[in-house]
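Protein chains in written order, with this note's numbering: chain A, 1 to 112; chain B, 1 to 112.
Don't read these hints as lab results, they were simulated from the structure. Please note that the accuracy of each hint is not assured.
A pair holds if it fits inside one copy or across any two, identical chains being indistinguishable in the list.
[Said to hold, decoys possible] Below, in silico cross-link-like pairs of lysine-lysine (BS3-like), each with a Cα-Cα straight-line distance of 27 Å or less:
no.: 1; residue 1: K85; residue 2: K17
no.: 2; residue 1: K75; residue 2: K108
no.: 3; residue 1: K33; residue 2: K8
no.: 4; residue 1: K75; residue 2: K55
Number of protein chains: 2
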Amino acid sequence: MSTNPLLKGSLQTIILKLLEDNDQMYGYEITQKVKEVSDGEIMLTEGALYPALHKLEADGFLETFTQVVDNRVRKYYRLTEQGGKEVTSKLTEAQAFIDQLQTLLNLKPATK
Amino acid sequence: MSTNPLLKGSLQTIILKLLEDNDQMYGYEITQKVKEVSDGEIMLTEGALYPALHKLEADGFLETFTQVVDNRVRKYYRLTEQGGKEVTSKLTEAQAFIDQLQTLLNLKPATK
DNA sequence: TTATATACATAATTTTCTTATGTATATAAA
DNA sequence: TTTATATACATAAGAAAATTATGTATATAA
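Given only the sequences and the hints, what does the whole structure look like? Please build it.
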């Protein structure tokens, strides 16, 4: 439960980037990966994750296939070609945002 | 206009930080300052700004007073003591968020 | 048998924006 | 002179994107 209001807006970008690095992932795996990489600080809630995945699929950025493992269904997501382009675009946007925010908040790391 | 979905959640922090640096500011002045510092890339809309200011005041972080300049009313905002503490808290949170996001998106500047 | 982990999903609600609209004065341009 | 732009506030309608709460179902550890 990230309780961090600043997470708003960055979820799609995080999902797309993970799928660029990992080729194919299923929802639960994404939550665990984010938890792991963020040292437990960012916990994706299902109520945010699944609708976000569905929207990215509806927008044509992700495609899916299912697989049964241990009698449980996993729904895997993979980037489409359009999704691949979208990652680049979203990452550029994210970098610009971070730069602007750091400038506005005076959080720029000292230039060396 | 900023159209940047990543701005979501950072507006309050931006306002509080500006008021930490500038002692007292009025709404329109804040929009111009943000525009200036961000090289015109971030345009605060009134529909976002004024409700945010009102909420920060209702939460006890800001206090107000009005002044008439050239027959036009300006509503100035200033940090309360509680607001002063809130800035520190929000900035810490913002820094943590930026760090996590950069890690997740592999945007960390190379460590030297 | 009970709690926790794995795995999906949706509904109700809240927060926080965008867009549109409204009021009003000052000043520069046509 | 009247029209556009800038200054200055505000709110309402609607959309986007979360949180919180539920719900279903299986596997495994206590």
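Outcome of the hint check:
1. K85 to K17: within (11 Å within a copy, 35 Å between copies)
2. K75 to K108: Answer is neither: 40 Å inside a copy and 31 Å across each miss the 27 Å cutoff.
3. K33 to K8: both (19 Å within a copy, 24 Å between copies)
4. K75 to K55: Within one copy, since 15 Å is at most 27 Å while 41 Å is not.
Of the numbered hints given earlier, the model fails hint 2 alone.
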